[in-house]
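Engineer: Chains A and B are the protein sequences, given in the same order. FYI, the numbering for the first sequence is -4 to 377, going by the working numbering. FYI, the numbering for the second sequence is -4 to 377, going by the working numbering.
Possibly wrong hints are sitting among the right ones.
Repeated chains share a single entry, so a pair holds when one copy, or any two copies, can fit it.
[Unchecked claim] For lysine-lysine, the following PhoX-like pairs were computed, each having C-alpha atoms within a straight-line distance of at most 20 Å:
| hint | residue 1 | residue 2 |
| --- | --- | --- |
| 1 | Lys85 | Lys326 |
| 2 | Lys77 | Lys211 |
| 3 | Lys365 | Lys349 |
| 4 | Lys326 | Lys308 |
| 5 | Lys223 | Lys326 |
| 6 | Lys308 | Lys35 |
Just so you know, these hints were derived from the structure itself, not from any lab.
Protein chains: 2
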Amino acid sequence: MGNTAETELIMIPGPVQVAPQVLRALSKPMINHRGPEFKKILDESREKLRSLFNTESDVIILSGSGTCAMEAAVGNLGGHKKFVAIENGKFGERLKLLTSLYGSSAPIIAEWGTSINTDKVKQALQEGADAVTIVHNETSTGMTNDVEQIGALCRKYEALLIMDGVSSIGGIEAPIDKWGVDIAFTGSQKCLGLPPGLSMIAVNERAWDIIKTAQKRPFYADLIAHMKSADKGQTPYTPTIPLFFALEEALKMLEAEGLSERINRYRTYATSIRAAIEAMGLELFPQPSASSTYSNTVTAIKMPSGIDFVSLKNEMRRRGIIIAGGQERLKGHIFRISNMGSISEGDILQVIEKLELVLLEKGVVSEMGKGTLAADCVLEGL
Amino acid sequence: MGNTAETELIMIPGPVQVAPQVLRALSKPMINHRGPEFKKILDESREKLRSLFNTESDVIILSGSGTCAMEAAVGNLGGHKKFVAIENGKFGERLKLLTSLYGSSAPIIAEWGTSINTDKVKQALQEGADAVTIVHNETSTGMTNDVEQIGALCRKYEALLIMDGVSSIGGIEAPIDKWGVDIAFTGSQKCLGLPPGLSMIAVNERAWDIIKTAQKRPFYADLIAHMKSADKGQTPYTPTIPLFFALEEALKMLEAEGLSERINRYRTYATSIRAAIEAMGLELFPQPSASSTYSNTVTAIKMPSGIDFVSLKNEMRRRGIIIAGGQERLKGHIFRISNMGSISEGDILQVIEKLELVLLEKGVVSEMGKGTLAADCVLEGL
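Produce the entire structure from the sequences given, and follow the hints as far as they go.
Structural biologist: Written out as structure tokens, the structure is:
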């Protein structure tokens, strides 16, 4: 139990474990954000991000967290959109708040962790809604929504589709162009394995046409200002330069691994965690159905009886492992393990082993080894 | 001329030269932004920032550039304010744009680099304006506006005073409480000597009373959300953690030096640069008067005949020194040298010496040594 801050394993769904070479890149001396070195980093990163987003669209990089991009996505449309805000978790709820701030909003709410009723979405579109917001992967519940179905509906009824891809892009398959997503965004501190501080937003022509005619938009997250500057290899306001150095490095690492390899690796990790959870007799929290699946970037587990989250968190923390609890209404009811960022099979096994030990001590499980064996069978492909 | 990116001296008014220990702090491994380590950094930094701001007010830290704080300052007041936006430089202009986005705005515009007519401000307040925006130190023109005068007017007419202290706070005396400033903000990449990425905003009770009753506000820069989270030692959205590590270090360094010593040092640096400029026969750009002074954080110099800015910039750059040009309407007409960030007397002398050499080569000056001698006399207190 000799873990220090330097050796702690951070398994929460962002911030995530960051690779040493990415951490080192943060420490480079400053450069002029209006000079050629910054232009090169920005231009090349934006180009590589198009591959990450699976898109032909322009990608804008914002110096702010995923919520900054979320505000940009909803706030640049001019305030006249009739939004359908789909909520089945905390980030769907946040999108709902934003849609009501920047337009009229008719939310479609499912219990957190349960699936969206796509018929309701269809009905809202038939009744004249012209924009839909959806969270692809709900970090808060460990569930992935089927965006493809919603995309097909949006294309049929000519509504704009805005997708929160914060904890999916780069970690879960998300071919946004193919799905008919018009605006998608992600954050640096998830599948890209960077520290928090940047967000990226892809905007297609259909969305730009609306944005260009909008009378009102936020200022710091003004996409027109960002696009104008991006065309010159700049940002409208001073960018968070260290994160851009780190982004350059993280994108190199992603290129070296390959996007589909990264996605496969995350799938394997998440599958192994789920296998371990079930082998230990614990229950997964989300209830996936026809329009959803278990998340491959974060696993949400029901708190077993015999231990509360605070004890679990502290016992894991004593052993150098940081796990997450539930947010808001899910506080105390679930715990969450992320597999995003710079982690290895060994890290997964360590987490499961320590979890099993803590649960054994508390009498929640009666023997050691079932979890790690189940996890390792998946990791080994057995 | 063997400077590399690692040894380049960045003398633009942000990003600035960052000290090695601050750069190193950026590279620490991630921590949970909802955990005790982050709480400690946030709580302590906010407390120290109150000293930096010379205020009893609460200080909020935003994960975004100075413009993010600028939007927060103007955008949280509910949209019903009748602003007087004072503009005599680029950042005054930006505040003007923001005030018209978030309220009604009657700008008072002086030619960039010239002084504000305080009588006009008084008149506007008499006519019912209830909020004033002013840039304390205009990075774009190298001039510092007298906020104390405006503060006295605002207190007399009970108008809210919002001050952009981005390139002054921590580098130029700015006792905001004493002056009657209600909201003031700064950015990390100026006098604090950090990389860009964070901004800090101080809000007094008078301003909070208005903000609390506001019906509408921006989302990412929602000060109520930030304050609620800050009370728990958190941020509402994921913060740019590496910059918080760096802030902790930069505030330690500031404490070790002392705020008034830092301000004195910057004053000496700027005075020495101005002395050198005048000794070389060049002209300072701003025209200070009763309501303004030369800036002690950035010096703006008229482009002399015989050289254009692009040549000057490139010749300096070849020698490893990065200087700034004019922005927008001042492009080509001025160049700027900042003395913010982690620089030394030796750096100042180097910049002046190289500038003198470049100007000699171009025939702008006829002999070497006058500039460095004048600068060094100031530095040595002779």
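Engineer: Checking an output row: Lys308 and Lys35, CA cutoff 20 Å. Within, between, both or neither?
Structural biologist: Classified as between; 19 Å across copies, 43 Å inside a copy.
Engineer: Within, between, both or neither: how does the pair Lys365, Lys349 come out at a Cα-Cα threshold of 20 Å?
Structural biologist: Cα proximity of Lys365 and Lys349: one copy only (12 Å, versus 70 Å across).
Engineer: Treating 20 Å as the Cα threshold, decide for Lys326 and Lys308: within, between, both or neither.
Structural biologist: within (12 Å within a copy, 56 Å between copies)
Engineer: When no copy is specified for Lys77 and Lys211, does a C-alpha distance of 20 Å or less occur within a copy, between copies, both, or neither?
Structural biologist: both (16 Å within a copy, 19 Å between copies)
Engineer: Are the CA atoms of Lys85 and Lys326 at most 20 Å apart within a copy, between copies, both, or neither?
Structural biologist: Cα proximity of Lys85 and Lys326: one copy only (12 Å, versus 47 Å across).
Engineer: I want to check one pair: Lys223 and Lys326. Are their C-alpha atoms no more than 20 Å apart within a copy, between two copies, both, or neither?
Structural biologist: Classified as between: cross-chain Cα gap 18 Å, same-chain 43 Å, threshold 20 Å.
When each numbered hint is compared with the structure, no violation occurs for any of them.
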